[in-house]
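2 protein chains.
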Amino acid sequence: MPFVYRFEEAGGLGRELLGGKGYALAEMARAGFPVPPGFTITTGACRLFHRSGKVPEGLWDEVERGIAALEEATGRAFGGAGLPLLVSVRSGAPVSMPGMMDTILNLGLTERGVEGLAAATQNPRFAWDAYRRLLAMYGEVVLGVEAAVFANLLEAMKAERGAERDLDLSAEDLAELAARFKRAIEERGHRFPEEPWEQLREAVLAVFKSWDNPRARVYRRHYQIPEDLCTAVNVQAMVFGNLGEDSGTGVGFTRNPATGKKELYGEYLKNAQGEDVVAGVRTPEPLSRLKEENPALYAEIAAVAEKLERHFRDMQDFEFTVERGKLYLLQSRAGKRTPEAAVRIAVDLVDEGLISEEEALLKVDAGSLPALLRARVDPASAPEPVGRGLPASPGAAVGHAVLSPEAAEDWTARGFDVILVRTETSPEDITGMFLAKGILTARGGMTSHAAVVARGMGVPAVVGTASLRVEPGKKRFFLGEHELKEGDLISIDGSTGAVYLGEVALLESGAGEELKRLLSWADRIRTLGVRANADTPEDAQKARELGAEGIGLVRTEHMFFEEEKLRWMRALILADDEAEAKVALKRLFDYQKQDFKGILRAMDGLPVTIRFLDPPLHEFLPPLVELERKEAQGALAPGEAKLLKQVRALAEQNPMLGFRGIRLLLIRPEILTMQLEALLAATRELRAEGYDPRPEAMLPLISDAREVEQAFERLEPVFERYGFRIPLGTMIETPRAALTAGRIAPLVEFFSYGTNDLTQLTYGISRDDAGKFLPDYLESRVFPYDPTERLDEEGVGRLLALSVREGREKNPDLKLGLCGEHGGEAHSVKFAARIGLDYVSASPYRVLTARLAAAQAEVEKRASG
Amino acid sequence: MPFVYRFEEAGGLGRELLGGKGYALAEMARAGFPVPPGFTITTGACRLFHRSGKVPEGLWDEVERGIAALEEATGRAFGGAGLPLLVSVRSGAPVSMPGMMDTILNLGLTERGVEGLAAATQNPRFAWDAYRRLLAMYGEVVLGVEAAVFANLLEAMKAERGAERDLDLSAEDLAELAARFKRAIEERGHRFPEEPWEQLREAVLAVFKSWDNPRARVYRRHYQIPEDLCTAVNVQAMVFGNLGEDSGTGVGFTRNPATGKKELYGEYLKNAQGEDVVAGVRTPEPLSRLKEENPALYAEIAAVAEKLERHFRDMQDFEFTVERGKLYLLQSRAGKRTPEAAVRIAVDLVDEGLISEEEALLKVDAGSLPALLRARVDPASAPEPVGRGLPASPGAAVGHAVLSPEAAEDWTARGFDVILVRTETSPEDITGMFLAKGILTARGGMTSHAAVVARGMGVPAVVGTASLRVEPGKKRFFLGEHELKEGDLISIDGSTGAVYLGEVALLESGAGEELKRLLSWADRIRTLGVRANADTPEDAQKARELGAEGIGLVRTEHMFFEEEKLRWMRALILADDEAEAKVALKRLFDYQKQDFKGILRAMDGLPVTIRFLDPPLHEFLPPLVELERKEAQGALAPGEAKLLKQVRALAEQNPMLGFRGIRLLLIRPEILTMQLEALLAATRELRAEGYDPRPEAMLPLISDAREVEQAFERLEPVFERYGFRIPLGTMIETPRAALTAGRIAPLVEFFSYGTNDLTQLTYGISRDDAGKFLPDYLESRVFPYDPTERLDEEGVGRLLALSVREGREKNPDLKLGLCGEHGGEAHSVKFAARIGLDYVSASPYRVLTARLAAAQAEVEKRASG
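So the protein sequences, as listed, match chains A and B.
If you read the first sequence in the numbering used here, its first letter stands for residue 1, the second for the next number, and so on.
If you read the second sequence in the numbering used here, its first letter stands for residue 1, the second for the next number, and so on.
In isolation and in its complexed conformation, chain A is listed as follows (with noise of 0.2 Å):
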């Protein structure tokens, strides 16, 4: 295969092998767009290039005849005499990375050549200045040097001329800098080549290594971006937007980027090169500002948009030169957009005829959605933070800081917003995380405790900011360098990750009829069902208004940690004797059963999916070290010697790996049987009301297909002494579940996989603890993405993949369901439906998330197939 493509016989090669940038430089080749003349190295080259550590052989024989075939098209020479073939050198990977390569313009220019340039245009200041912006570009791009170098140099010389602006240098200032730019990049023990076909040897060879610098990988880290892309490298003859007054460069969108409206939109510099604008070194004009100046000129660069979009069907960034009053489109992308003009243009473009409503469902990033129904940080108005976490939940909000649940309550009563501020939560901060307008924490990932419940409440919260230090004691903490008291000011974008000082300005969500209208497309097109997880009617509400066909997972131990239930709990678990017990459960049962009755209630005629108690039971009580710092102090209060004496008995090394979910079901069967009686009383009260609730219920952590025998026989009397029965089934969420899947499966009616269980034990990693290795594993790159939020499919996804298969094989009627947190992440959905599941449940924001992923999924698959 060839690595080199002029861009009128690429039409037609995919994305993949030309990058973004030249697919969209051949396209528009090939569709009459005024592209100047240029060539594409194929992303194939590259990956060559890093595979190996070696220039592709043939490559540049091939670049020689790219080379040769410009110099025919323009009539101009490279490294020639006279007005020279002068070419841009731009990185161009197959997915979009704004910023994150690097460009290098007017290459092909020797100081030899700029005396041919300024001849053969009558424009020695035009020469000059093409000449020291070359400079400034290899010495930085190829060589390494500092950008800041050039820019104080020029800014020295700027200030020596008493020059305001560039323009106002001359020639000879020009000619001057560009000898001080070179002799700076000599002082740094570099050397610039004199030589036009070195210069473009060593340009591509800068393009090629740039894939690898940090801010790249970042950036693909952080959008998920496969390592082995690679990017093409575009070389294209140059035109001048710097020819004087009738020449210029800009930028343009088709549509407004951040709302969405059909409006041609960008910027406009006058007697500038396109860097001009990108680095921000001068300002240029909005475009509306040419309609007025040069209404032709605007109309030409319109109705190239209008032509773009209809060529593209999308909305399109593009950007263009316009040389001597000629314009010149130097390249089209689609154009990056906000949540809320993401799904406004994929409507309207639908409405417009341009595109399908399936092809509109691809248009909108289905993470995003969330966002939309929450307030957001105004980026117009915004301070810098003063802490960066991670973006755990959506939405921005702004409140005092409250270090503790009892200071929640308190400055709550006192009428005033808050947000949580604490080192990690755990479930004793639930009240405070009802009262919190925000939840803000030192630790955790973006699977923490704070992290799902924040989601599941719909509550903004940033997690895991390494910057905050917290003493609640001393009613203090700090961000950074800032000490803060409680009750102070602060803003936390759930968003961005962002924390700041005060109180920023917010905006309000901008969906509305447009995102109700592509969900509605979505729903009809999906085959995967959407679930929510919710623990209270209030979210089972919610997760209802927002689309959600049922509830897949009711964590009925969160129902225990409201403070009367907290201490039936404990007197439960604290019993001396059976008649204590007794006690404790009858009153445990009737809670449960008012819970119950309201989330079915709230679902009335969907299925809502109980799950049996799973924690382990010392999570009712308070923590270890509390307790014995006491005694340490002798400040046991009278009986706290005894409840010492339990929680040291129940206290475990790996409570993840402990007793608890059915291991305790199995040996406390009285709370098992305790919970299904609730959910069956509830289920005959509601039906005597004249409500249709559909319980079913599961059982947590199963190893083994003996432990699902046992349990169901543990239930078979309660459905005998009820007179009916509800579907049982068992979540998957332990390897050896998963690799027995055949045998539990003819047990049971349905499995519900908890991917965030068995994603810890596939890999080996608790996400409560894996804040100490997890950033780093991310930044080197040992893990191409949190498996904790995106879902693993080659681990843990085999096993999955693998459980379906066998436990259909040996009951075909079992239903399928994911309730853990990738149920609400996009990439995860859509394998969730490509393995075949029935649905999926997630927290109900996430719930939009869940409901366009699964859309996507089908209309990928019908694309596929």
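It should be emphasised that the hints constitute simulated quantities derived from the structure, not laboratory data.
Do not rely on the hints blindly, as some may be mistaken.
Sample of chain A residues lacking proximity to chain B, with all beta carbon distances greater than 10 Å (derived) [stated by the list, open to error]:
no. : residue
1   : SER52
2   : GLN122
3   : GLU194
4   : GLU359
5   : GLY367
6   : GLU578
7   : TYR591
8   : VAL625
9   : GLY639
10  : LEU643
11  : GLY658
12  : LEU666
13  : GLU707
14  : TYR722
15  : GLY764
Selected chain B positions facing chain A (Cβ under 8 Å, derived; list incomplete) [claimed, not checked]:
no. : residue
16  : ALA302
17  : PRO623
18  : GLU707
19  : GLN710
20  : ARG714
21  : VAL718
22  : PHE719
23  : THR734
24  : ILE765
25  : ASP769
26  : ARG790
27  : GLU793
Keeping only pairs whose Cα atoms sit at most 16 Å apart, straight-line, the calculated EDC-like set for lysine to aspartate or glutamate is [as the list claims (entries may be wrong)]:
no. : chain 1 : residue 1 : chain 2 : residue 2
28  : B       : LYS586    : B       : GLU677
29  : A       : LYS261    : A       : GLU306
30  : A       : LYS630    : B       : GLU626
31  : B       : LYS326    : B       : ASP246
32  : A       : LYS182    : A       : ASP228
33  : A       : LYS565    : A       : GLU619
34  : B       : LYS326    : B       : ASP348
35  : A       : LYS475    : A       : GLU406
36  : B       : LYS326    : B       : GLU300
37  : B       : LYS630    : A       : GLU626
38  : B       : LYS630    : A       : GLU631
39  : A       : LYS645    : A       : GLU628
40  : B       : LYS630    : A       : GLU628
Each residue gets a CB set at the ideal place from its N, CA and C atoms; glycine is no exception.
Guided by the hints, dock chain B onto chain A, whose structure is given.
Below, chain B without anything else, positioned relative to chain A:
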């Protein structure tokens, strides 16, 4: 298929169908042994009964035909007048379960029949004796009346009559006793059927049901006997050992079951039924006495014994009855024997030409071998144990109880043998464990720290002793009701789990030449390699003596727990800057190099696999609770505040799933490279000294191939610096490593399966915490065996098999080993052989088990292939 086979028809049918007893009776009948006529109801009938809960259709018809055949053979009628046909009804499962199932004799006798029997034998006493025996056995086995009821009535009667022995009771006494037995039965709401057929049907059903009695279940669980094997029922014409002085009954072993010596061994009781012997109601005399009293009978028995051995080609345990001078064989089966006897008998049978070497290998329980090398409790003089835990490391020990490592040093220095008694052990106890003759803990399972380390060191250990409570602060401990103080003498038996007060008599190891010969045959036949897990030169030396062909696992962290090394390890962890860290690292390098040299020297010429540092750093620091207690008491020493801060920073919720293994090594690569340097330096120095060191090194806790790549990149410069390389591999101990083995395999030279962690992660069970539910799980048969002890083939084994296949596919030269505790467990070793691993690695003493089990796997493979 028929449910009933007469003994003489059943020859050649399998043990599965006939049960062990039925099979032996059929074989004996076929071989012409003097067996009373009878028939076997198959295990199939029993299985059908348990599955359906009903009597299989047609069963009673077949039984009636069976009885008819007996009537014909004996000339007596079932329930008839005159001398009636009486039968015994006995259970007989395919696997020997002595004492577990129930037997009824004299069945068919009724009150009316007693008269006929008395008249026909002219022995009313015998007739009433038979009847009262039937009443008692039927009452107990079929009707569930406690045996003590009948025993008490018998004793009361003897007291009334002034009778010393049962034999002193007259016919009238026995008739009266029978009447009292019947009354006792009726008083308890039951009825003894005076109808032979009803007796027979009920008895057969009672045997069926007894398969499920608690004792039988416990036995099966203990010996891992499948639940659905079920039992056969043998119905056999009664012969009578109580017809006078020329009658009698006895049991014999064809060789001494304790020592294995070839000598007729057994007991005989004149004028008695077999159950008198079995139940110990009367005390029999040794068979050797019979040799003097009745040489002809003795010779006849000896001849039968000799013939039995030749026929069954194994040591036999047989029951016989002499009826009026005629010898009948009632049953014969392979005799239970001590491990010592098993080895001797297997070797002797080969020498006698009765069996092949391959067959000899199958006659010894591989798991029993380690015990052969240890002292054991003399069963003759042992008192009642005062506690019982898990038999974690075989052998017995006597010593003064010490409750801390410091006390161990103290008492040892004063010249006492000590037993370390702890709630549980941690790495900080290592010095104490080294000094102790035995280890006793209250918590922990078969793979707890105490168990693993004790087995590794060959020190007897009993762990998880529920009745033990230790109060080191008060220098006292409790064993159930007994309060003891530090220094008190106790004894433990690590082969049985028993704990004794004071000193018990020990027997020295009885293994010798026979064991060597047996293992030499095993080594010749096995294809699976056997290495040892060892962390010290002493252990390595021991392992080599026990036949290890290399070291499969050196846990390098164990080298850091000695006081001086621990100090430097802490210095490294707590280092404020790089300079401090470097000093510590240099010291650790020196220690590590010396340690490596020691092990490599001991294993000169054999492979030694070093595992890079595995545990989390906080394991090297004082426990958090201890420091927090001090802090609460205001008792922190200078410098400890900083220590507390770091311990807090390193604390983890689930350390097993935390910052350890490869995760730690990638983020603290200086430890990784230091360890490799130490290993290469040790290798180079040993080579210079003329040794042939063969080091290998592996990474722990891999979950992704990229971890391996990045670690190896770090190691590459070290190899280059030293100018030679060694084989590198990884542990496979997370499910994900197994699931992605195909990705990892091309990067490495070997895999080593860490089945301890792999089992814990696959199940989601921490072995440290499993004590809270695993005993219950085993008791209630949720788990058929402890998967941390015996490899779970269905789940964990599936991961192994899958990764073996995919690993070899991607790297045909890949070497595969297993270094978890399972490497020393016989079933697991066989599994390792079956899936084609290259070697297993076991703690030194369990090398013997591995060698034999590996050979057995090969013999079984040849037999089945």
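Going down the list of hints, with the structure as the test:
{"no.": "1", "hint": "SER52", "verdict": "holds (17 Å)"}
{"no.": "2", "hint": "GLN122", "verdict": "holds (57 Å)"}
{"no.": "3", "hint": "GLU194", "verdict": "holds (39 Å)"}
{"no.": "4", "hint": "GLU359", "verdict": "holds (35 Å)"}
{"no.": "5", "hint": "GLY367", "verdict": "holds (24 Å)"}
{"no.": "6", "hint": "GLU578", "verdict": "holds (18 Å)"}
{"no.": "7", "hint": "TYR591", "verdict": "holds (26 Å)"}
{"no.": "8", "hint": "VAL625", "verdict": "violated (6 Å)"}
{"no.": "9", "hint": "GLY639", "verdict": "holds (20 Å)"}
{"no.": "10", "hint": "LEU643", "verdict": "holds (16 Å)"}
{"no.": "11", "hint": "GLY658", "verdict": "violated (4 Å)"}
{"no.": "12", "hint": "LEU666", "verdict": "violated (7 Å)"}
{"no.": "13", "hint": "GLU707", "verdict": "violated (6 Å)"}
{"no.": "14", "hint": "TYR722", "verdict": "holds (25 Å)"}
{"no.": "15", "hint": "GLY764", "verdict": "violated (4 Å)"}
{"no.": "16", "hint": "ALA302", "verdict": "violated (49 Å)"}
{"no.": "17", "hint": "PRO623", "verdict": "violated (11 Å)"}
{"no.": "18", "hint": "GLU707", "verdict": "holds (6 Å)"}
{"no.": "19", "hint": "GLN710", "verdict": "holds (6 Å)"}
{"no.": "20", "hint": "ARG714", "verdict": "violated (11 Å)"}
{"no.": "21", "hint": "VAL718", "verdict": "violated (19 Å)"}
{"no.": "22", "hint": "PHE719", "verdict": "violated (19 Å)"}
{"no.": "23", "hint": "THR734", "verdict": "holds (4 Å)"}
{"no.": "24", "hint": "ILE765", "verdict": "holds (6 Å)"}
{"no.": "25", "hint": "ASP769", "verdict": "holds (4 Å)"}
{"no.": "26", "hint": "ARG790", "verdict": "violated (14 Å)"}
{"no.": "27", "hint": "GLU793", "verdict": "violated (11 Å)"}
{"no.": "28", "hint": "LYS586(B) - GLU677(B)", "verdict": "holds (11 Å)"}
{"no.": "29", "hint": "LYS261(A) - GLU306(A)", "verdict": "holds (14 Å)"}
{"no.": "30", "hint": "LYS630(A) - GLU626(B)", "verdict": "holds (13 Å)"}
{"no.": "31", "hint": "LYS326(B) - ASP246(B)", "verdict": "holds (9 Å)"}
{"no.": "32", "hint": "LYS182(A) - ASP228(A)", "verdict": "violated (36 Å)"}
{"no.": "33", "hint": "LYS565(A) - GLU619(A)", "verdict": "holds (14 Å)"}
{"no.": "34", "hint": "LYS326(B) - ASP348(B)", "verdict": "violated (32 Å)"}
{"no.": "35", "hint": "LYS475(A) - GLU406(A)", "verdict": "holds (12 Å)"}
{"no.": "36", "hint": "LYS326(B) - GLU300(B)", "verdict": "holds (10 Å)"}
{"no.": "37", "hint": "LYS630(B) - GLU626(A)", "verdict": "holds (13 Å)"}
{"no.": "38", "hint": "LYS630(B) - GLU631(A)", "verdict": "holds (11 Å)"}
{"no.": "39", "hint": "LYS645(A) - GLU628(A)", "verdict": "holds (10 Å)"}
{"no.": "40", "hint": "LYS630(B) - GLU628(A)", "verdict": "holds (11 Å)"}
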